[in-house]
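Chains as they are written, first to last, in the numbering used here: chain E, 352 to 589; chain G, 352 to 589.
It is possible that part of the hints are untrue.
If several chains are the same, the list does not tell them apart, and a pair holds so long as it fits within one copy or across any two.
What the hints assert, rightly or not - Dumping the calculated SDA-like pairs for lysine to any residue here, alpha-carbon to alpha-carbon at most 20 Å: (1) K414 - H402; (2) K396 - D431; (3) K548 - P536; (4) K487 - A380; (5) K424 - Q551; (6) K414 - D372; (7) K396 - K438; (8) K424 - G471; (9) K396 - E406; (10) K487 - M352; (11) K414 - K548; (12) K557 - M503; (13) K414 - V542.
Rather than coming from a laboratory, the hints here were simulated on the basis of the structure.
Number of protein chains: 2
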Amino acid sequence: MNVFIVYAHQEPKSFNGALKDTAVETLEALGHTVKVSDLYAMNFKAIADQHDFTELENADYFKYQTEQIHASKHDTFTSDITAELEKLKWADFVLFQFPLWWFSMPAILKGWVDRVFAMGSIYGAGIGAYDTGGLKGKKSMLSITTGGPELMYSPHGKNGDIHENILFPIHHGILYFSGMDVLPPFIAYSVARDPAKREQYIIDFKKRLLSIDTTPVIPYHPSSHYDETMQLKPEFRG
Amino acid sequence: MNVFIVYAHQEPKSFNGALKDTAVETLEALGHTVKVSDLYAMNFKAIADQHDFTELENADYFKYQTEQIHASKHDTFTSDITAELEKLKWADFVLFQFPLWWFSMPAILKGWVDRVFAMGSIYGAGIGAYDTGGLKGKKSMLSITTGGPELMYSPHGKNGDIHENILFPIHHGILYFSGMDVLPPFIAYSVARDPAKREQYIIDFKKRLLSIDTTPVIPYHPSSHYDETMQLKPEFRG
Numbered sequence: 352m353n354v355f356i357v358y359a360h361q362e363p364k365s366f367n368g369a370l371k372d373t374a375v376e377t378l379e380a381l382g383h384t385v386k387v388s389d390l391y392a393m394n395f396k397a398i399a400d401q402h403d404f405t406e407l408e409n410a411d412y413f414k415y416q417t418e419q420i421h422a423s424k425h426d427t428f429t430s431d432i433t434a435e436l437e438k439l440k441w442a443d444f445v446l447f448q449f450p451l452w453w454f455s456m457p458a459i460l461k462g463w464v465d466r467v468f469a470m471g472s473i474y475g476a477g478i479g480a481y482d483t484g485g486l487k488g489k490k491s492m493l494s495i496t497t498g499g500p501e502l503m504y505s506p507h508g509k510n511g512d513i514h515e516n517i518l519f520p521i522h523h524g525i526l527y528f529s530g531m532d533v534l535p536p537f538i539a540y541s542v543a544r545d546p547a548k549r550e551q552y553i554i555d556f557k558k559r560l561l562s563i564d565t566t567p568v569i570p571y572h573p574s575s576h577y578d579e580t581m582q583l584k585p586e587f588r589g
Numbered sequence: 352m353n354v355f356i357v358y359a360h361q362e363p364k365s366f367n368g369a370l371k372d373t374a375v376e377t378l379e380a381l382g383h384t385v386k387v388s389d390l391y392a393m394n395f396k397a398i399a400d401q402h403d404f405t406e407l408e409n410a411d412y413f414k415y416q417t418e419q420i421h422a423s424k425h426d427t428f429t430s431d432i433t434a435e436l437e438k439l440k441w442a443d444f445v446l447f448q449f450p451l452w453w454f455s456m457p458a459i460l461k462g463w464v465d466r467v468f469a470m471g472s473i474y475g476a477g478i479g480a481y482d483t484g485g486l487k488g489k490k491s492m493l494s495i496t497t498g499g500p501e502l503m504y505s506p507h508g509k510n511g512d513i514h515e516n517i518l519f520p521i522h523h524g525i526l527y528f529s530g531m532d533v534l535p536p537f538i539a540y541s542v543a544r545d546p547a548k549r550e551q552y553i554i555d556f557k558k559r560l561l562s563i564d565t566t567p568v569i570p571y572h573p574s575s576h577y578d579e580t581m582q583l584k585p586e587f588r589g
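With the hints as extra help, turn the sequences into a complete structure.
Next up, the structure:
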């Protein structure tokens with residue numbers, strides 16, 4: 352299997368770094384081929400703008416998605432975007448390793464999504480979205496760390512339910528939208544100052560990585576469950 | 352009233368640009384003082400890293416939040432962060448104008464949050480969070496545009512409920528977390544190719560801006576509704 356790890360932490364000695372290293376070692380030991388994009392080490396450009404294209408379709412009225420479609424057709428993305436698109440297309444499994452910042456991705460990773468998950472390459476403009484998205488057939492998974500303890504992220508926790516309220520825009524809106532199946536996330540809660548907890552999380556993470564093939568994906572609705580106005584048909588409402 | 356508009360679109364002639372201009376004109380006509388951070392025009396740095404501080408507390412193990420606390424104490428943020436922190440502290444009302452990208456903020460705006468909403472200045476390390484956050488007493492509001500139509504963002508829509516599933520991490524996790532009250536968002540759906548719709552949205556937006564003082568804020572739970580494990584007390588569960 353081809354594995355692509357997208358990793359966003361500034362400090363190689365961090366717990367996020369340790370989780371990333373664990374993933375590389377565990378997956379390579381299983382015989383998989385692993386590529387890593389270490390976004391901070393690459394100094395990956397986060398801001399989506401005019402400089403992402405070697406030519407513009409309309410320099411008088413800049414619209415990012417229009418330019419993404421143009422660049423998808425004419426192969427005029429800058430080389431940093433093309434390189435990431437190639438890794439995505441090569442991958443069977445995409446793993447994201449990052450600390451949850453403000454209940455979302457760090458900006459460097461959000462910028463990677465904004466720039467690489469391009470309209471015309473990954474979705475839309477003749478491709479599709481959700482179960483007809485351009486990355487259909489691939490699996491994805493988040494591996495994240497939090498500052499707060501697990502109870503704060505439970506259904507009645509002060510931060511909101513991490514599955515329903517916090518990770519939904521990433522799981523459903525980015526990963527599933529682009530066509531990928533989404534495995535349940537690996538979440539290491541509140542690990543900042545507890546070596547024993549970190550050690551246990553590393554053991555648990557290895558187990559999760561060993562069972563990628565057998566872990567059921569998050570059961571999002573296929574397009575056939577929605578009517579022509581994109582509303583979930585009554586028979587599928589929970 | 353002091354109004355701070357944080358604006359994230361590359362194209363001045365865009366509909367986001369028109370909404371931002373409408374906000375400036377409408378609020379100034381009411382006698383308010385308005386400051387705008389036009390993030391793309393400022394080429395605002397999105398990536399949170401070592402270069403955000405004029406000195407580091409621990410260069411051998413870089414942890415962003417630790418350095419934010421240090422910089423908050425010693426006034427050692429870079430000047431771009433300090434300038435935004437000053438505008439935030441000056442403001443009574445903070446308005447965010449941006450296109451919804453991947454069901455969240457464009458990376459340039461997420462980077463603004465990552466870097467400016469600093470631990471030790473806005474929350475934590477002796478300050479607090481939620482209704483004891485550092486921006487307590489201020490109001491905030493999102494004004495966003497979407498690609499998809501409104502029905503796709505309704506409770507049974509294919510994209511998920513925009514209030515419960517999509518904007519919660521921003522509303523509750525960024526704005527309310529930092530202490531601000533949150534007004535219901537202004538959302539212009541699917542405006543890309545419809546001048547009449549755009550005109551109506553501008554009229555509606557003006558009305559919203561004229562009623563900031565009388566519009567009820569989103570009723571999030573105060574800290575007193577949670578028990579010592581940060582779980583919502585049973586009597587407040589819906």
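Status of each hint after checking the structure:
no.	hint	in the structure
1	K414 - H402	within (13 Å within a copy, 30 Å between copies)
2	K396 - D431	both (8 Å within a copy, 18 Å between copies)
3	K548 - P536	within (18 Å within a copy, 40 Å between copies)
4	K487 - A380	neither (26 Å within a copy, 51 Å between copies)
5	K424 - Q551	neither (48 Å within a copy, 35 Å between copies)
6	K414 - D372	between (38 Å within a copy, 18 Å between copies)
7	K396 - K438	within (17 Å within a copy, 26 Å between copies)
8	K424 - G471	within (7 Å within a copy, 47 Å between copies)
9	K396 - E406	within (18 Å within a copy, 24 Å between copies)
10	K487 - M352	within (15 Å within a copy, 50 Å between copies)
11	K414 - K548	between (47 Å within a copy, 19 Å between copies)
12	K557 - M503	neither (25 Å within a copy, 38 Å between copies)
13	K414 - V542	between (41 Å within a copy, 13 Å between copies)
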